[in-house]
Amino acid sequence: MKFGVVRFPGSCDEVDAQLAASRAGGTVLLWHGDRDLQGVDAVIVPGGFSYGDYLRAGAIARFSPVMGSVRRFAHDGGLVLGICNGFQVLCEAGLLPGALLPNVGLRFLCRQVDCTVVNAGTPFTCACGEGDRLSIPVKHTTGRFYAPDEVLEGMEAHGQIVLRYAPGCNPNGSVRDIAGVANPEGNVFGLMPHPEHAVDLLTGSRDGLVVFQSMRDHTGGAVAA
Amino acid sequence: MGSAHRELGLTDAEYRLICEQLERDPNRVELAMFSLLWSEHCAYKHSRKLLRLLPTHGERMVMGPGENAGAVDVGGGRVIAFKVESHNHPSAVEPFQGAATGVGGILRDIFAIGARPIAILDSLRFGEADSPRSRYLLDRVVAGIGHYGNSIGVPTVGGEVFFEGPYEQNCLVNAMCVGLAPRERLIRSAAAGPGNLLVLMGASTGRDGIGGASVLASAELDEEDESKRPSVQIGDPFEEKRLLECCLELLDAGLLVSLQDLGAAGLSSSAAEMASKGGVGLDVDVDRVPLREADMEPFEIMVSESQERMLCVIEPPALEDVLERCERWEVRAAAIGAVTDGARLRVRCGEEVVGDVPVSALVDDCPLYDLDPAPPAGGAGRLYPPPARSLSSDEPAEILLALVGSANLASRRPLFEQYDSIVQSRTVRRPAQADAAVLALEGGGAIAISIDGNGRRVACDPYRGAMEAVFECAANLACVGAEPLGLTNCLNFGNPEKPHIAWQLERAVAGLADACRALDVPVVGGNVSLYNEGGEGPIYPTPVVGIVGELPDPARAGRLGFHRPGDAVAFVGPFQASLPGSELAKLRGEPLPDGLPELDPAALRGALEAVRDAVRSGAVTSAHDAAGGGFAVAVAECCLAGGLGARIDFGGAGERLLELLFGEGPGGFVLSGPRESLDALAQRIAVTVFGEVGGDALVFSHDDGELVVTVNRLRAAHDGGLGRVIGA
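For the record, the sequence lines run as chains S and A.
The first sequence runs contiguously to residue 225 in my numbering.
The second sequence runs contiguously to residue 728 in my numbering.
Keep in mind that the hints were calculated from the coordinates and are not lab data.
Since the model is a prediction, treat every value here as computed from it, not as a measurement.
Keep in mind that the hints are not guaranteed to be accurate.
Listed below are several chain S residues computed to face chain A (Cβ distance under 10 Å; list not exhaustive) [said to hold, decoys possible]:
hint, residue
1, Ala20
2, Gly52
3, Gly94
4, Gly98
5, His194
Note that the Cβ used here is the ideal one computed from N, Cα and C, for glycine as well.
Only chain A is shown next, with the shape it has when bound in the complex:
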């Protein structure tokens, strides 16, 4: 046995298995294909068994896991497609192109099923905000996302950014795309019809990104990452814009049998997936693939991750029409092969067969590994060092100002202003106007979208932290009046071969599954990104959750800001404030607790429904959920968004004052509106505090005194918080 397979990331046992399947040693082309299709990134070999725990069925689901993206029905013959995906390691190595091609890749997943991309959201994690590397990565990642999304004409409508030490070496860049399609335009990727032609569309194939899925995405980062730069692809949004319009036109004209994007592992994985799903074989002639560099080897052509390419199956008589339409859009297109009867993927170079493998061996026979989970010795506090203390005051007003100006809670305006959030004329709620983005749909109704995932809390308690992520995301939707229809997730974790990471992964997936069941929300698809760790240890376990919901009337979409002086303010929901694991605990440099308080899924669901109904009925003026920084920061955010003060009285607090103000937990909402509307709501959910909107300061009064901060002071802290990080 040679050692070539080890350099490509395959174990000796896996190599032996390949030889058994082929009944001979693989040649170079075959080995390259196996190494990629059997990589963690493509085969999910450490996560596939766990993912079976997730609920994947729902009344409104049209497409589920296994297709390029999931899709749900929104009535009127329309479906919404969506998916989140990671591009962590490419972004850690080359942040601008890594982030840009992350967006490009998720966009292709959406139009590969026939949907027009209508929104992008992103979820980013970097090391602490005072680290020069974080500032560099943030600047380039945001520029890369904007470059691609803005240039292709898809609005970036939401997202989140957190700064935490464990992401210092291994940043996270997750991008979610949402698409809209008439139901009859949806297309699957299964190849069909022996004799049909395989057409490659889009950019020419070069040497960029060779081995990206195995070398970059399926191994830990190390000191020599600079040398991996050539494994990062280069994005060209102009190429993809033409490809997108061209593909949608071909679909509208009914010219395609099936469609698949080229992502990780390039032609190998796309062809193998299409053949596998259709139960057919494919012949691919690498001689007919348009090349960027003339002297490429067949194996390089098969595994190149050059961006902006799509593969489709068409009936032979359609070829002329397809090529003409591609030419009109200035999209390169070439028939590079055909569908065959045998279930084999055959690679030719002209007349010569240079690779010939059973499709099932590539796609289905990769060994799946059982995890060997064990909680970290000494708990989360031992695994992750406590953050540096940056706040020493116990004075509530100073704490509030420090929190609203902290990197994790400060205004995101300097970031989201770099994204076009309004192109396509659907954006009813832009970033910072509401807890979720809201897009109006042609023909009536609207959808709401949010993306969430607090890694620190998952590190404290993978099961409850993951549940909290789902409830937090659903709470954001409730605040605009939306009901969840489907969920996508990206599981960002460390090296699953280590027992404590396996434990985090297993507990977090169980938490996601239970939260989704509690809300009756199906998981329609997603992505797993493992091996997110460097020399200094693993990232916080970070399941990122994206939910799409619907609301009947976009004109009644909720807002987060206080709007009407004299409105009553209520703090509602089954909220149990606790300080361990909170943003305040972080500023105080406290270690992570081992475990989070228990939560009550049924009560949380009840609160979501009550808030959603109140917003939909127009009974409330504003709705905002309490997340990072707790109740006090939530009220401050309502003041900032509306430019109005508020006076809140919560009676006897005693020693629990800081906990009541800044403690965190799921299920708390700040609502404002007419007093009688809020009183009516109190019949459905617990109302714990009352106050009133007005004035130019935020005042919390309690039996022992008053906390007073003017809205102007809050604004200065909030607006300036990120400016220090990005130098704006």
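The shape of chain S in the complex, shown without the other chains:
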């Protein structure tokens, strides 16, 4: 299993994502200007402020050369995980439905929150049980998930709502407490909480590790050198 972690200028959590993924497999950094995905089994679009997040969070990153390859990779069924800014990029790129709006508090918010696994049938949650509560931090200014009602109904029907904030834990005003969503095919997953910052009890929690383990299990489990 080889994870590729995209590095944009302005990415902040790419090394953290690499560290976390390395607990489940091999990892390589993918430079934003390169189109070659180096034969990875899964792509992680990490958190941070790609291209300074000028214009709108994620709006510039989607035009980068590497994202052209990621889009094709996703269309071919490859696993793509977008965390925080990566989630924003995937929404901007049209790989995920909905959009991320400024938090209701209008401020940056860094907080450990509880999330509930709504769909344990995706490649990103298959090592969880449905209803599992995961303690994972959020840290963002623009994390309020929004989609029109009719889109949300469709998403609910197709099991695309993968992760919700636990009752009372919604930090940003996301519609229906949505914390993470998948595309209809289930191979692209974006979430605002940072599972890569919850992989070691020493730094607070290891509940996020299950996302990377799920990806490994789904892919077949072999650990690349």
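For this one, chain S is given, so just place chain A on it according to the hints.
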């Protein structure tokens, strides 16, 4: 003699000295450079002599004062670099950009020596919390710090905020950065090798921040500060993020001879410092500096404080490789000059020489002034008006609730939640989990960091107050099990030309020096910010102290909250509670006392070591030092952090009840753990009170009665305290 120099902040005598050095009148470029390099901000002309009192040597010190940042060895070939710096006046004039560029500037100091920034802490002071200006400044300063730190991917792991009347006009914004480097990557700023190239990297140069160091940082604030807004720089963390990654890559590839950031006084001071340290000269061609505005004058280019720029020296054959790597990171880079044999800084504009001065005249020959200290007539109580009375009750439970909800002691959650405290995956103790931030290091071990400085207590007694700041900071480290390795400080004071300010400065530096010697902690660097006063008088003298320590096992890092019902609670240490100068005295509107009680450095050190050992050995469940609000507030904070009550019995208190509960002083700690562990500790330090963790209320019982407050009531007061200030 013209008068241009006076508008630039130079005295007539200083101007004459410049003419003597040059053996002619300086031209416009030269005068601009002198005015900045000879400003208080750059030349430390009122503080340099005093700073020589500070101990600057230690076994573990790798870099000391004079470099861009200090550094200490943490074993395994790793060093920790750190420094604190002020951005007070820019923040008073334009709080968002002032605070943001304060963070940007201190980050550059750290990566200028080859270290990757791994943590930011900040120390903030504003006027009273009910002032609209304080609320505005707090909101924008916190947003500015978060904007820069969050965007660049460096966690903000700690800090402190106090609200006091004397900071109403002149807020304080001090930012500390901590970096990590493999020892072999450390680089100095000394230029070397005549014929080597000088390369300017990063943002283009514009007209922003011209005269920042002299106009803003080295004069008192006044009514016309609005007009100084253009002197505040604009920060771009995205530019700096690329610059940071690019510089570290160039260092890893061994392509740089020396590296220096551009801060106050821009190119002038960076080039002069690099040349001075290397004993060489530099030629700078302003024609080759990438500009933001086309028609800039040579003097403007030389003194612009545009942010996100670095200057490096490279060997000529490395140029192509350096430029290619810069392009990959989308970092602008241009060779703008060369190292020369002569010890002169020569400014060219193409073929024309537009400035030519001896480096030593710029860097070394600024006159240093002796202070003329005298204690304030009538004492601290006359210099600073007493705060307005906001609490009239004598009832202990009401006092406790008022204190835990007061602006200075209330929960900082609404502030620190605006900062990313976890990026880079090292944060073992986040804000409010322990007295100090703890970061685990790759390859084992951990460091702990705290930043402290209670200006009100320094105002009462500059010598003992400054000592207390050092012991308080070291106590925070002891509570997580860390041993101090090095200290950085930022001296925030008023106008040193006034005798009572000179006296505060001199006494405070003596206190810092003696406390550092008592703890064997070297001062590895720091910053001085003077002229912090407006029309209504000076700020409280505020030496801010940041200490970095180490602990062997991050898994055993201490926590502040009670954790296990049934644990014994002990109040330990050579603590002498006294009410004058305390938070309670402030709420009661009492005037500042003239002097603080004497303290015993050896006993304080012994207590720190005993607590540190107890935490490291895992013998205690929690450790917290008693600071603002005294013993009662410290215990309340342990209850709040752990969500558990406690029952404390301290027998006969009599008339000293309020003093015992709320009196302040150094050297007191609240520990919880198995009774036998605390009994064992009693053989090393004084244990004054015992109690037990449990229940849902905090109960203090004494011979004359009981004080009972539920943890829920404490929480409501504590959590809501700052909400009123920031409108969250």
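These are the hints, each one checked on the structure:
1. Interface hint at alanine 20 of chain S: satisfied, since its Cβ lies 8 Å from the closest Cβ of chain A, which is below the 10 Å cut-off.
2. A hinted interface residue such as glycine 52 of chain S counts as satisfied when its beta carbon comes closer than 10 Å to some beta carbon of chain A; here the least separation is about 3 Å, so the hint holds.
3. Given hint, glycine 94 of chain S at the interface with chain A, is violated; its Cβ is 24 Å from that chain's nearest Cβ, farther than 10 Å.
4. Residue-level restraint check for glycine 98 of chain S is violated (minimum Cβ-Cβ distance to chain A is 24 Å; threshold 10 Å).
5. A distance limit of 10 Å between C-beta atoms decides the matter here; for histidine 194 of chain S the minimum to chain A is near 8 Å, and the interface restraint holds.
Hints 3, 4 from the list above are not met by this structure, while the remaining hints are.
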